Structures are given as structure tokens and as C-alpha cells.
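Visitor: Residues per chain, in single letters:
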Amino acid sequence: MIRSTKKKTKKTGRRHPMATVALVAIGLIVTGAAYAGFSNSSAIAEVDLQAQSTIDEGQKLFASNCATCHGIQADGTDEGPSLIGVGAASTHFQVGTGRMPLAFQGPQGMVKPKQFTEEQTLQLAAYVASLAPGPGIPEAQYLDGDGDVANGGELFRVNCAMCHNVAGAGGALTEGKWAPKLSGVASVHIYEAMATGPQNMPVFNNANISSDEKRDIISYLKYLENSTSVGGFKLGSLGPVAEGLFIWIIGLGAVVALTVWVTAKSN
Amino acid sequence: MAQDAKNGSSDAVVAAPSAGDVNTGLSAGTAVIPADSFANPGHPPHRARVTDTDPKKEKRAVRTVYTLFYISIVGSIGAIAAYVAFPIESGDDVAIRLSTLFIGVGMALSLFGIGLAAIHWGKALMSDKEGVDERHPVRGDDETRLAAQEIFKQANEESGFGRRALVRNTLIGALIAFPLPGVVLLRGLAPQDQDPVALLKHTMWDKGVRLTRDPSGTPIKASDVTLGSVFHVIPEGLNDMEHKLDEKAKAIVLLMRLKPEDLIEDADRKDWSYNGIVAYSKVCTHVGCPVALYEQQTHHLLCPCHQSQFDVTKHCEVIFGPAKRPLPQLPITVDSEGYLVAQSDFTEPVGPSFWERVS
Chain V
1 MIRSTKKKTK
11 KTGRRHPMAT
21 VALVAIGLIV
31 TGAAYAGFSN
41 SSAIAEVDLQ
51 AQSTIDEGQK
61 LFASNCATCH
71 GIQADGTDEG
81 PSLIGVGAAS
91 THFQVGTGRM
101 PLAFQGPQGM
111 VKPKQFTEEQ
121 TLQLAAYVAS
131 LAPGPGIPEA
141 QYLDGDGDVA
151 NGGELFRVNC
161 AMCHNVAGAG
171 GALTEGKWAP
181 KLSGVASVHI
191 YEAMATGPQN
201 MPVFNNANIS
211 SDEKRDIISY
221 LKYLENSTSV
231 GGFKLGSLGP
241 VAEGLFIWII
251 GLGAVVALTV
261 WVTAKSN
Chain Z
1 MAQDAKNGSS
11 DAVVAAPSAG
21 DVNTGLSAGT
31 AVIPADSFAN
41 PGHPPHRARV
51 TDTDPKKEKR
61 AVRTVYTLFY
71 ISIVGSIGAI
81 AAYVAFPIES
91 GDDVAIRLST
101 LFIGVGMALS
111 LFGIGLAAIH
121 WGKALMSDKE
131 GVDERHPVRG
141 DDETRLAAQE
151 IFKQANEESG
161 FGRRALVRNT
171 LIGALIAFPL
181 PGVVLLRGLA
191 PQDQDPVALL
201 KHTMWDKGVR
211 LTRDPSGTPI
221 KASDVTLGSV
231 FHVIPEGLND
241 MEHKLDEKAK
251 AIVLLMRLKP
261 EDLIEDADRK
271 DWSYNGIVAY
281 SKVCTHVGCP
291 VALYEQQTHH
301 LLCPCHQSQF
311 DVTKHCEVIF
321 GPAKRPLPQL
331 PITVDSEGYL
341 VAQSDFTEPV
351 GPSFWERVS
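From first to last, the protein sequence lines stand for chains V and Z. Residue numbering for the first sequence follows UniProt numbering, starting at 1 and increasing by one per position. Residue numbering for the second sequence follows UniProt numbering, starting at 1 and increasing by one per position.
Derived by calculation from the structure, the hints in this document are not laboratory data. Mixed in with the good hints, there may be bad ones.
[What the hints assert, rightly or not] Keeping only pairs whose Cα atoms sit at most 20 Å apart, straight-line, the calculated PhoX-like set for lysine-lysine is:
1. Z:K59 to V:K265
2. Z:K270 to Z:K201
3. V:K181 to V:K234
4. Z:K207 to Z:K123
5. Z:K259 to V:K265
6. Z:K123 to Z:K57
7. V:K265 to V:K177
8. Z:K221 to Z:K259
9. V:K60 to V:K114
10. Z:K259 to Z:K201
11. V:K265 to Z:K57
12. V:K265 to Z:K129
[As the list claims (entries may be wrong)] For each label pair, taking beta carbons as the anchor points, the in silico distance ranges come out as:
13. V:W261 to Z:L98: 27 to 35 Å
14. V:A51 to Z:F320: 30 to 38 Å
15. Z:L98 to V:I29: 25 to 33 Å
16. V:Y223 to Z:P87: 47 to 55 Å
17. V:L245 to Z:A155: 53 to 61 Å
18. V:G136 to Z:R357: 29 to 37 Å
19. V:Y223 to Z:Q307: 28 to 36 Å
20. Z:Q307 to V:I29: 44 to 52 Å
21. Z:L180 to V:A150: 31 to 39 Å
Given the structure is predicted, the values throughout are model-derived calculations rather than measurements. A virtual CB, placed ideally from N, CA and C, is assigned to each residue, including glycine.
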């Protein structure tokens, strides 16, 4: 072995090897923070859903963004279902989570960056709600997450866990569809999903699961989201598949590597 | 030499074509007499390790080994320290996690340290000379065998095992009888005075039993079940049963409402649904998992265990997966107060097949 002694020349300031990395990092952080500031500013909006002006604004938005598939009268076409009677809750959920407008026709509409501000979303919801009565946007008292967590957990396990996984981690359905994971979903959207049954999810109306029980379920989900895992890594809370994959590949891999090392001749 | 070992057939001898060579005892048909095709290659040449040749490397290996033993000691003490340092009496999730984490890491280090050090010691520092220990033959020599026989014979004479036939036979009989109480007691664990076949064939559902919500047990009005709804259903009175879970396991039902025109119903089962409301057993006919993953647009029911799929519009016939029979349908109707009730029990046993199930 030949040992070469390194020449030590200290580079400082803008000639430092890490200067470019630091510059790029600073640029990204500033841009990101500025963007977050801008996009948050319009999140809270007070909109009167009953006002005729709101409905008119909503109709304009609908005509230019939604009518291609849902029809100019919102009565549905071959490309999309009728929206008469789906209510404000359905519109607020589909548009508010970015599912609508659809990116493409597929097995399932998926969550993507929102295309409308909260104000525009509410205007659209007001228009759709004006067509025919349907489930409305829930009141804040059901969304605070301070309900009975234990009762919410029991209701969740009976009604929701078979698709959404007992820890709300989501799961697969048939023909490319899936039940999405529920962590990070806004309380209002969880409530609206239960009330309206978006896409292939069944409807859980207030006669089945009352508003207070929905509040309990939301409380349970928020509790799950904010509680730490006592047992260490959750591996996505996906259950035996993820755990099996981990132990068979990482665990068994480590055992095989150790065995190879133990039996190999020392050089 | 090495060349010969590689190509075994070079040692083969072509048999003489003359018929019936008595001397070799070979049959006339033998064409080639193969020699032993694989010669023992012996040991590869001994290769010295770097720790044998380079004293610096040897010193480093020594350092590694004792460092690992030190790490093990640190791990053991660390586990004790972690037990003291992270109390779990508060019951706080984070405290429990920290406690288990650091105790576990300490104990893992203590055991791994010993194991790794011992193996590294053996591989890098202990003598490395190859040696041969011949395996002794399994069969003992004749003298030993005769001695063993003698011992057995003597033992037989002294104990009278062969001579006192009654004593021997009663011993064998006692050994056979000894485990019998265990078998009888185990059998007694089965439910008393209950025919398991009858238990499997019937559920709590009966004529007029109301459909109630799981878990609250409140009755369901037909008008509550809006289009696209799903209700998880238990029979009325289940929550008051002594063996609630035994009954629930058989009686769980999924209630769905479809557009009546979407249902494709058999003529004899037309009156089993009510205005598009249908009720099906939630117990999969494959191995009994609860089937409740209902998709309200495709009207598919999916079993999460083995991906069996049932089409709710066609009496839950199997459209995919390992299940062989459709889910049993619960005939329902409404009572005078508008609540959903069962017309009868299921008309076939719910759940997976069992031996005495007809069809």
C-alpha cells in the first residue's frame, strides 16, 4: 500500500466546494416558504352559500370547468354522472381534495393539487347545492376531533376498517381501485366522504352513523394520526404484508449475510 | 493427475466383446466398465492469512476482538442503565418506546458483541491449520457386537423380561392404557350435548327478527337505508346473549341498497329483497373471513383475505377468487312499523364448507 499525503489547501467563501449546494438549498427554502405563504393566504374564506351572487359565480366556474363531462345543466353525460342532488358536501369533497376535475378517466379519481381556491370551491358547491337538496357542508362542531375516541374506534372497526385498514392506512380494492389512507385528510373531508359516499365508497348517512358518531370517528382518526407508535417502526401500518416483506428481505438478508461471513475463510 | 481427475472417462476400460466372461463376472451386454470417475482431489494448498504473515494486521485483529468484547460489556451495562434512566411508570407512550428501544439496543449490543468477537477471534487469530479427522465406521467390530449381545442376554435373564410373560405383558398393557384418560378428557372439551353440525346449519335469524346496527343494536328502518348505503347488521337481541360472539360469528349480515333495476334476481327469490335493499351473509364461503368491502358503483363485494369477489346484483355469485359458492342471502321484508325484519333464517348454512354440508 502506498500512502499519499494530501495537500491541504483551505478553500473558503464562494470558492468552497459546498458553496453551490448551500446556494441551491437557500434558494429552494426561500422559494418554498414564499410559495407556502402565498397559497395559505387564500385558504380561509367566508362565503355565503345561499347568496344568489355566490351561486352565479359557481355556475360560471361550473360551465367553464366541469360542464364538459357533467353537462351544462349538470345532468350528466356519457363521460360523467349527474350532479343533481349530490349536494354541497360532495362538491366540496371532490373539488377540495383535488379529485375533481379528473386528470384522466381511470379506475378511480385521485388526490392531486387543488385546482380551485377554497372560495371558488365553495361557490361551485353553492351552485350544485342550488340544483336540488343534498348533504350539506358539515358544521364546525362535528369536526373538532374532541369526540369519544373509543366509540369512534369501535364504529371505525365495524364500518370502515375492512377497506381503509384498522389504522386508516388504506388498502386495495378490485380492478385497480383502492381505499385511500386517512392520515392527513382534513376532518371536513372525512365527514363529507362518509355523508356522500364518493366514487365507490358506500354512503353512511346520518340514519346509519349520526353526526355525533361521525365526530367520534374523526376524533379516532385524529387520535391515531397524533399518537406515537409504542412498538417502534410502523412500516406504514399495512399489516402482515409489509411486515412480512421487511422480515423476509431485511431480516433474512441479514441472517444470510451473517452466515456467509461466519463460514467464509479469513483472508 | 489433475487432468485425469477432471475427465473421469479417460480411465474407463472398453469391455471385451467376448460373451460371458466368467472371470470378471460381467454380463455379456456390458460395453464399458467405468472406473471410479472422481478422484479425491485432497486439500487445497494451505494459504496463510494476513494475520499470520503481517504482525500489524494481527495486532489489529486482536484490537478488534477485545473492542467487540468491550462493546458487549458496554451494551450490557447500558441496558441496565436504560432500564433505570427511562422509567415507564408514567404509562406515557413515548416513555415506553424509549425504554424498550434503549434496553433492546443495549441487550442486542451485548449479545452481538460476544458473538461477533468470538467468531472473529476464531477466524482471524486461532490456529488455521487444516486437519483431517477420519470418520469411524458405523458398524462396530465383531467383538464389540458380541459383547453387546451378551449384555442384552444377561439383562434379559436377570430381569426375567422374556421368562415372566405375564409381568411383561401387563407392563405393555399399562403403557397402552396410560394415555387414554388424556384422550377422553380432550374429547370432553367439545361442546356438551350439542351437535356441531346443527350449530353450523342454523343462525340466530328467524322469522320476524329485526335487523339492527352493529354494534349498537338499534333497529333499522327501510327508509334509513338510502341508495348506495351499507349497513353492518346483527340480529336483534344479540347483545343480550351469553355467548354473543359465537352467535355473531354466524349471524353477521351486510345490508346494501341498490337501484331496484340494477338487481338481476331469480324468480323464486324476487321477494327476498325490499325496494332494492338486499341482505347477505358477511361470512365468506371460502374460509369464513368477513366479506364487507362493498363498492357502491360496481356492486362488487371483495373479501380481503383471498380476494374472492361477489357480484351483489346477481345474488352474490362468485366472479373472482377461490370461493366456490355465492354468499347466502337473508330474505328480508318490513314489519308494520317500517323496520326491516328477516323472513326466516338463511336457507343454507353460512360460511365455508364442512364435512356434513350437503352440496
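Visitor: Against this structure, judge whether each hint is valid.
Guide: Structure-based check of each hint:
{"no.": "1", "hint": "Z:K59 to V:K265", "in the structure": "holds, 19 Å"}
{"no.": "2", "hint": "Z:K270 to Z:K201", "in the structure": "violated, 24 Å"}
{"no.": "3", "hint": "V:K181 to V:K234", "in the structure": "holds, 14 Å"}
{"no.": "4", "hint": "Z:K207 to Z:K123", "in the structure": "violated, 78 Å"}
{"no.": "5", "hint": "Z:K259 to V:K265", "in the structure": "violated, 73 Å"}
{"no.": "6", "hint": "Z:K123 to Z:K57", "in the structure": "holds, 13 Å"}
{"no.": "7", "hint": "V:K265 to V:K177", "in the structure": "violated, 52 Å"}
{"no.": "8", "hint": "Z:K221 to Z:K259", "in the structure": "holds, 17 Å"}
{"no.": "9", "hint": "V:K60 to V:K114", "in the structure": "holds, 18 Å"}
{"no.": "10", "hint": "Z:K259 to Z:K201", "in the structure": "violated, 32 Å"}
{"no.": "11", "hint": "V:K265 to Z:K57", "in the structure": "holds, 16 Å"}
{"no.": "12", "hint": "V:K265 to Z:K129", "in the structure": "holds, 12 Å"}
{"no.": "13", "hint": "V:W261 to Z:L98: 27 to 35 Å", "in the structure": "holds, 32 Å"}
{"no.": "14", "hint": "V:A51 to Z:F320: 30 to 38 Å", "in the structure": "violated, 50 Å"}
{"no.": "15", "hint": "Z:L98 to V:I29: 25 to 33 Å", "in the structure": "holds, 31 Å"}
{"no.": "16", "hint": "V:Y223 to Z:P87: 47 to 55 Å", "in the structure": "violated, 25 Å"}
{"no.": "17", "hint": "V:L245 to Z:A155: 53 to 61 Å", "in the structure": "holds, 59 Å"}
{"no.": "18", "hint": "V:G136 to Z:R357: 29 to 37 Å", "in the structure": "violated, 50 Å"}
{"no.": "19", "hint": "V:Y223 to Z:Q307: 28 to 36 Å", "in the structure": "holds, 31 Å"}
{"no.": "20", "hint": "Z:Q307 to V:I29: 44 to 52 Å", "in the structure": "holds, 46 Å"}
{"no.": "21", "hint": "Z:L180 to V:A150: 31 to 39 Å", "in the structure": "violated, 49 Å"}
In summary, the structure is inconsistent with hints 2, 4, 5, 7, 10, 14, 16, 18, 21 from the numbered list given earlier, while agreeing with the others.
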